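Quick note, the sequences are listed as chains S, F and E, same order. Number 37 in our numbering belongs to position 37 of the first sequence; there are no gaps in the numbering. Number 364 in our numbering belongs to position 364 of the second sequence; there are no gaps in the numbering. Number 74 in our numbering belongs to position 74 of the third sequence; there are no gaps in the numbering.
Think of the hints as simulated: they come from the structure by calculation, not from any bench. What you are looking at is a predicted structure, and each value in this text was computed from that prediction instead of being measured. Hints should not be assumed to be uniformly reliable.
Identical copies go unnamed one by one, so any copy, or any two together, can satisfy a pair.
Unchecked claim - Once the Cα atoms are required to be at most 25 Å apart in a straight line, the calculated PhoX-like pairs of lysine-lysine come out as:
{"id": "1", "residue 1": "K320", "residue 2": "K293"}
{"id": "2", "residue 1": "K55", "residue 2": "K385"}
{"id": "3", "residue 1": "K340", "residue 2": "K377"}
{"id": "4", "residue 1": "K392", "residue 2": "K55"}
{"id": "5", "residue 1": "K202", "residue 2": "K358"}
{"id": "6", "residue 1": "K15", "residue 2": "K385"}
{"id": "7", "residue 1": "K323", "residue 2": "K241"}
{"id": "8", "residue 1": "K202", "residue 2": "K385"}
{"id": "9", "residue 1": "K2", "residue 2": "K145"}
{"id": "10", "residue 1": "K145", "residue 2": "K323"}
{"id": "11", "residue 1": "K202", "residue 2": "K340"}
{"id": "12", "residue 1": "K2", "residue 2": "K377"}
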Amino acid sequence: MKSFNQITEAIQQLKSNLHQNDFLLTWEKTEDELKQTLLVAEALKFLRDHNISTKVFDSGLAISNFRDNSTRTRFSFASACNLLGLEVQDLDEGKSQIAHGETVRETANMISFLTDIIGIRDDMFLGEGHTYMKEVGDALDDGFKHGVLPQRPGIVNLQCDIDHPTQAMADLMHLADYYGGLENLKGKKIAMTWAYSPSYGKPLSVPQGIIGLMTRFGMEVDLAYPEGYNLISDVVDLAGKNAAASGGKFRVVNSMDEAFRDADIVYPKSWAPFSVMQRRTPLLHNNDTAGLKALEQECLANNARFKDWECTEEKMKLTKEGKALYMHCLPADISGVSCKEGEVAESVFERYRIETYKEAGFKPYIIAAMIFNNKFKDAAGVLNKLNERGLKRILG
Amino acid sequence: MKSFNQITEAIQQLKSNLHQNDFLLTWEKTEDELKQTLLVAEALKFLRDHNISTKVFDSGLAISNFRDNSTRTRFSFASACNLLGLEVQDLDEGKSQIAHGETVRETANMISFLTDIIGIRDDMFLGEGHTYMKEVGDALDDGFKHGVLPQRPGIVNLQCDIDHPTQAMADLMHLADYYGGLENLKGKKIAMTWAYSPSYGKPLSVPQGIIGLMTRFGMEVDLAYPEGYNLISDVVDLAGKNAAASGGKFRVVNSMDEAFRDADIVYPKSWAPFSVMQRRTPLLHNNDTAGLKALEQECLANNARFKDWECTEEKMKLTKEGKALYMHCLPADISGVSCKEGEVAESVFERYRIETYKEAGFKPYIIAAMIFNNKFKDAAGVLNKLNERGLKRILG
Amino acid sequence: MKSFNQITEAIQQLKSNLHQNDFLLTWEKTEDELKQTLLVAEALKFLRDHNISTKVFDSGLAISNFRDNSTRTRFSFASACNLLGLEVQDLDEGKSQIAHGETVRETANMISFLTDIIGIRDDMFLGEGHTYMKEVGDALDDGFKHGVLPQRPGIVNLQCDIDHPTQAMADLMHLADYYGGLENLKGKKIAMTWAYSPSYGKPLSVPQGIIGLMTRFGMEVDLAYPEGYNLISDVVDLAGKNAAASGGKFRVVNSMDEAFRDADIVYPKSWAPFSVMQRRTPLLHNNDTAGLKALEQECLANNARFKDWECTEEKMKLTKEGKALYMHCLPADISGVSCKEGEVAESVFERYRIETYKEAGFKPYIIAAMIFNNKFKDAAGVLNKLNERGLKRILG
Numbered sequence: 001m002k003s004f005n006q007i008t009e010a011i012q013q014l015k016s017n018l019h020q021n022d023f024l025l026t027w028e029k030t031e032d033e034l035k036q037t038l039l040v041a042e043a044l045k046f047l048r049d050h051n052i053s054t055k056v057f058d059s060g061l062a063i064s065n066f067r068d069n070s071t072r073t074r075f076s077f078a079s080a081c082n083l084l085g086l087e088v089q090d091l092d093e094g095k096s097q098i099a100h101g102e103t104v105r106e107t108a109n110m111i112s113f114l115t116d117i118i119g120i121r122d123d124m125f126l127g128e129g130h131t132y133m134k135e136v137g138d139a140l141d142d143g144f145k146h147g148v149l150p151q152r153p154g155i156v157n158l159q160c161d162i163d164h165p166t167q168a169m170a171d172l173m174h175l176a177d178y179y180g181g182l183e184n185l186k187g188k189k190i191a192m193t194w195a196y197s198p199s200y201g202k203p204l205s206v207p208q209g210i211i212g213l214m215t216r217f218g219m220e221v222d223l224a225y226p227e228g229y230n231l232i233s234d235v236v237d238l239a240g241k242n243a244a245a246s247g248g249k250f251r252v253v254n255s256m257d258e259a260f261r262d263a264d265i266v267y268p269k270s271w272a273p274f275s276v277m278q279r280r281t282p283l284l285h286n287n288d289t290a291g292l293k294a295l296e297q298e299c300l301a302n303n304a305r306f307k308d309w310e311c312t313e314e315k316m317k318l319t320k321e322g323k324a325l326y327m328h329c330l331p332a333d334i335s336g337v338s339c340k341e342g343e344v345a346e347s348v349f350e351r352y353r354i355e356t357y358k359e360a361g362f363k364p365y366i367i368a369a370m371i372f373n374n375k376f377k378d379a380a381g382v383l384n385k386l387n388e389r390g391l392k393r394i395l396g
Numbered sequence: 001m002k003s004f005n006q007i008t009e010a011i012q013q014l015k016s017n018l019h020q021n022d023f024l025l026t027w028e029k030t031e032d033e034l035k036q037t038l039l040v041a042e043a044l045k046f047l048r049d050h051n052i053s054t055k056v057f058d059s060g061l062a063i064s065n066f067r068d069n070s071t072r073t074r075f076s077f078a079s080a081c082n083l084l085g086l087e088v089q090d091l092d093e094g095k096s097q098i099a100h101g102e103t104v105r106e107t108a109n110m111i112s113f114l115t116d117i118i119g120i121r122d123d124m125f126l127g128e129g130h131t132y133m134k135e136v137g138d139a140l141d142d143g144f145k146h147g148v149l150p151q152r153p154g155i156v157n158l159q160c161d162i163d164h165p166t167q168a169m170a171d172l173m174h175l176a177d178y179y180g181g182l183e184n185l186k187g188k189k190i191a192m193t194w195a196y197s198p199s200y201g202k203p204l205s206v207p208q209g210i211i212g213l214m215t216r217f218g219m220e221v222d223l224a225y226p227e228g229y230n231l232i233s234d235v236v237d238l239a240g241k242n243a244a245a246s247g248g249k250f251r252v253v254n255s256m257d258e259a260f261r262d263a264d265i266v267y268p269k270s271w272a273p274f275s276v277m278q279r280r281t282p283l284l285h286n287n288d289t290a291g292l293k294a295l296e297q298e299c300l301a302n303n304a305r306f307k308d309w310e311c312t313e314e315k316m317k318l319t320k321e322g323k324a325l326y327m328h329c330l331p332a333d334i335s336g337v338s339c340k341e342g343e344v345a346e347s348v349f350e351r352y353r354i355e356t357y358k359e360a361g362f363k364p365y366i367i368a369a370m371i372f373n374n375k376f377k378d379a380a381g382v383l384n385k386l387n388e389r390g391l392k393r394i395l396g
Numbered sequence: 001m002k003s004f005n006q007i008t009e010a011i012q013q014l015k016s017n018l019h020q021n022d023f024l025l026t027w028e029k030t031e032d033e034l035k036q037t038l039l040v041a042e043a044l045k046f047l048r049d050h051n052i053s054t055k056v057f058d059s060g061l062a063i064s065n066f067r068d069n070s071t072r073t074r075f076s077f078a079s080a081c082n083l084l085g086l087e088v089q090d091l092d093e094g095k096s097q098i099a100h101g102e103t104v105r106e107t108a109n110m111i112s113f114l115t116d117i118i119g120i121r122d123d124m125f126l127g128e129g130h131t132y133m134k135e136v137g138d139a140l141d142d143g144f145k146h147g148v149l150p151q152r153p154g155i156v157n158l159q160c161d162i163d164h165p166t167q168a169m170a171d172l173m174h175l176a177d178y179y180g181g182l183e184n185l186k187g188k189k190i191a192m193t194w195a196y197s198p199s200y201g202k203p204l205s206v207p208q209g210i211i212g213l214m215t216r217f218g219m220e221v222d223l224a225y226p227e228g229y230n231l232i233s234d235v236v237d238l239a240g241k242n243a244a245a246s247g248g249k250f251r252v253v254n255s256m257d258e259a260f261r262d263a264d265i266v267y268p269k270s271w272a273p274f275s276v277m278q279r280r281t282p283l284l285h286n287n288d289t290a291g292l293k294a295l296e297q298e299c300l301a302n303n304a305r306f307k308d309w310e311c312t313e314e315k316m317k318l319t320k321e322g323k324a325l326y327m328h329c330l331p332a333d334i335s336g337v338s339c340k341e342g343e344v345a346e347s348v349f350e351r352y353r354i355e356t357y358k359e360a361g362f363k364p365y366i367i368a369a370m371i372f373n374n375k376f377k378d379a380a381g382v383l384n385k386l387n388e389r390g391l392k393r394i395l396g
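Model the full assembly from the supplied sequences, consistent with the hints where possible.
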């Protein structure tokens with residue numbers, strides 16, 4: 001395990017421009033910036049594990065804007081903010097006047113007078129989540145420039161239609177932890193594959209986030225799905241370019257078996273085809289219940305043709321020494337547990353259950369690191385100050 | 001800009017009795033008390049702008065009780081409480097057992113054992129909001145007197161049926177800031193005028209709050225509305241008396257043009273006629289959907305007769321050098337933006353948009369000042385302590 | 001009144017195993033442990049009353065999981081957590097993905113990465129609330145053991161189907177305060193009796209909590225109810241054994257008058273018969289609205305046979321010198337006030353109203369003490385540190 005000083009010294013070696021920049025897509029960040037995010041997360045975890053306070057804010061608000069349901073991301077965001085000293089205020093669009101036609105521009109400013117960070121989840125509408133976050137960002141720039149806001153609140157993408165950076169980065173941190181270092185991921189094969197689920201409409205952001213990020217670190221990434229279950233093509237193109245640049249590999253296959261073969265890591269997860277998500281957006285906007293129901297039926301019928309895309313013990317035997325690490329963003333559709341037939345066999349899931357919990361456990365620190373880097377130019381310096389201050393998190 | 005010492009010295013010159021007194025109506029407060037509220041708000045803003053912690057509470061709850069929807073006031077209250085170190089707990093009457101017939105007296109005590117402040121918004125029911133706040137206050141007095149409560153939580157009116165003191169005081173702070181001092185408002189003409197909106201039932205508390213407060217500082221206040229769109233007559237009478245006492249002027253006119261003529265400041269905003277609000281209260285109580293719908297139709301039809309009550313470029317030309325400051329509590333009904341025809345033309349709003357945002361930005365500090373003055377007898381002394389303590393709000 | 005040192009010295013005399021143990025049922029705790037809970041509550045109250053900060057957590061989350069409506073327990077929990085420095089996050093099962101079939105095991109871990117305490121209210125379903133809390137506890141043990149959680153969050157039962165320990169302990173603290181010491185309760189007669197209410201389905205946990213706890217301290221406990229309104233028989237058996245062990249008395253009678261005769265304390269409160277609660281659980285699970293309605297009608301009709309089970313002035317005359325202390329967990333069904341005919345006559349309630357408020361006021365401290373003892377092995381030592389640290393709760 002690295003010492004605290006090793007972590008902060010490693011941060012000081014990096015060139016990064018995270019300060020005052022929103023964290024929306026991992027591919028907008030340099031390799032150094034991604035590394036710094038991991039290192040700051042590690043440093044914050046180190047301090048908390050040693051009962052040292054990481055409260056850098058004496059007061060300040062963090063706004064959470066969840067435009068879709070969430071348990072784990074909601075609690076991860078709350079945990080991250082609390083860890084740094086920010087108080088979360090939910091912008092519940094049901095309760096608020098936003099539903100009554102306020103413009104994004106105005107609301108973004110109205111909630112930000114004493115706000116340091118805004119976390120947004122907006123993954124339901126293809127083509128809109130990321131755009132919305134940029135709109136909020138522009139509004140905040142405008143307000144800050146004109147003296148409306150005494151600070152420019154940072155934005156953290158808690159899942160959009162394109163990427164899910166807090167998930168993908170937590171997954172990366174888990175892998176670095178599991179394999180003893182980011183450098184050890186080079187050459188490891190990861191299979192990001194579609195899996196059957198008796199539900200539909202799951203966002204594309206997790207698989208996109210995974211192929212967009214893991215290709216940055218020299219990994220061999222296989223994306224597998226049944227014909228027709230495409231992702232956004234720009235992201236797929238980008239994954240190819242990333243792999244080429246990092247000395248890794250990237251390919252798309254239409255067979256789960258092929259992707260699993262010799263894989264070090266498997267990530268079997270359901271998603272809806274891009275074309276379905278495209279057709280779904282206007283239906284959602286129009287509250288077209290009948291149209292949504294029809295689309296769901298059609299999609300479920302199509303899904304049902306691919307029930308063999310399940311992460312079974314048999315398929316696991318295809319992986320490297322039959323021992324690939326199973327990953328999932330949770331909750332998984334576990335056959336015979338949470339559904340009749342699903343993404344993963346019960347025995348496989350159960351064997352890796354604790355690992356998937358640990359995987360999820362990195363998310364609060366990743367989010368805290370994103371906030372930290374957004375607010376502090378000299379991240380290493382502030383971390384050292386926290387360590388020297390040595391305030392106890394719990395008295396005793 | 002005043003130095004911090006100038007602010008606290010100015011506070012020390014004032015005679016005020018804000019300590020342990022609820023802030024329900026501006027006209028229950030002396031001129032010195034209103035000034036102290038502005039000065040404390042200024043001091044808190046100064047400290048935060050200089051990254052100095054204003055946390056006076058190490059722990060303690062602030063209860064928010066919103067009996068009507070709200071975004072900006074909700075976030076302003078949350079910001080103010082957080083700035084001082086109080087944690088907001090929402091008293092959501094849907095979730096709680098209050099809906100099941102508990103008396104105000106009991107609930108007020110049950111939520112207040114460790115509570116320092118209660119913010120209430122109750123503006124829907126004419127004749128009831130202010131009454132409810134006083135009832136809560138009486139219950140808290142009773143609980144404190146009998147040793148149930150170790151402290152008497154203060155109450156801040158976050159909008160009632162009569163006044164909207166946090167809005168009006170933030171507006172006043174904005175004007176003092178804009179014109180370089182409260183003393184410079186003397187003789188300035190402000191037009192508080194009704195404006196057309198394709199909605200109905202907007203509370204009377206903003207225009208009442210404005211005429212009740214701005215007449216205290218020697219301003220020339222014109223209240224303008226189409227015949228029938230009266231406010232509560234007691235408040236109108238009071239505005240007249242205020243003006244007489246402060247060396248200002250107050251008159252009621254039935255023409256937007258007349259009010260705009262030579263105005264330094266215009267505040268065009270829709271509200272429902274007093275008589276409509278009176279008829280609406282029993283309908284709301286009885287959940288009389290049909291009755292409410294009928295009243296809405298009648299009221300909208302009546303509104304439609306006054307579509308020319310819009311703050312257009314043409315009307316703005318009537319004002320002092322055509323350059324009056326436009327004010328609004330937001331959100332405004334902007335013609336061609338948030339509605340087809342509304343309170344204000346797009347180009348006028350857009351020119352003053354940033355100013356209206358700044359106007360709103362004073363509210364968190366005004367609310368914080370109201371809380372501060374309620375809890376500390378020696379406000380200037382405590383502010384000086386904060387400055388001397390010099391804790392950073394953000395580490396770095 | 002005890003000095004602070006007397007309190008912490010008394011704690012040091014006790015043998016207790018509260019550290020890292022959930023507080024689910026008072027009868028799982030030893031007499032020393034119950035005493036320590038009262039003493040720590042007293043110490044925390046002492047410190048706050050002397051404006052000394054009791055913040056032992058610099059950061060950390062407290063999760064509240066309310067599976068039934070609540071005002072007073074919700075605010076008591078929020079107050080307790082805030083008093084110690086924990087931030088409450090509500091696990092609202094409507095908003096979260098829990099409703100979508102996640103297992104308890106997974107969710108318990110997902111919300112707990114940076115969580116110090118979890119408060120759960122689950123009192124609707126007979127046979128399930130307590131079981132659910134143990135399930136959550138097992139999941140947390142599992143996560144902590146396997147390194148998923150850096151700490152094992154403690155659980156506080158905020159009311160289950162069997163016991164309501166925060167209520168019963170607050171009631172005990174009130175009695176100890178009222179009679180000048182726990183030792184003075186020996187030999188006092190308390191009548192825990194059913195009372196008429198025009199509602200049905202009220203949980204059994206309050207009467208069960210009272211007979212399960214008050215029999216521990218040598219009190220003479222009468223449980224009274226109309227035939228058929230039985231409690232869970234295991235708890236009744238336990239109350240008998242407790243009384244035998246503590247030198248007290250316990251009996252069940254079917255007459256309110258008999259229970260009131262010579263009572264020092266009366267606690268008249270409605271509840272639903274055990275058999276009704278049993279029949280209700282599957283109806284609730286099946287959302288069987290018609291079945292629930294029919295059961296309600298049947299139960300209300302049965303209740304109506306016992307309208308004379310009301311705590312009237314006449315009945316109060318039967319008590320010791322006619323001056324028994326009236327207790328209630330609130331809100332009470334007050335005849336002529338909150339309902340036509342109810343649990344208690346208005347004049348009786350009004351005479352003891354302030355006492356019932358004080359009774360409720362102990363709950364935040366009791367909950368804080370339960371959290372405190374769960375997290376700190378050397379409770380007395382940490383309390384002394386807080387006193388020596390001497391941070392002010394409110395500056396000034």
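Mind listing which of the numbered hints don't hold for this structure, in increasing order?
1, 3, 7, 8
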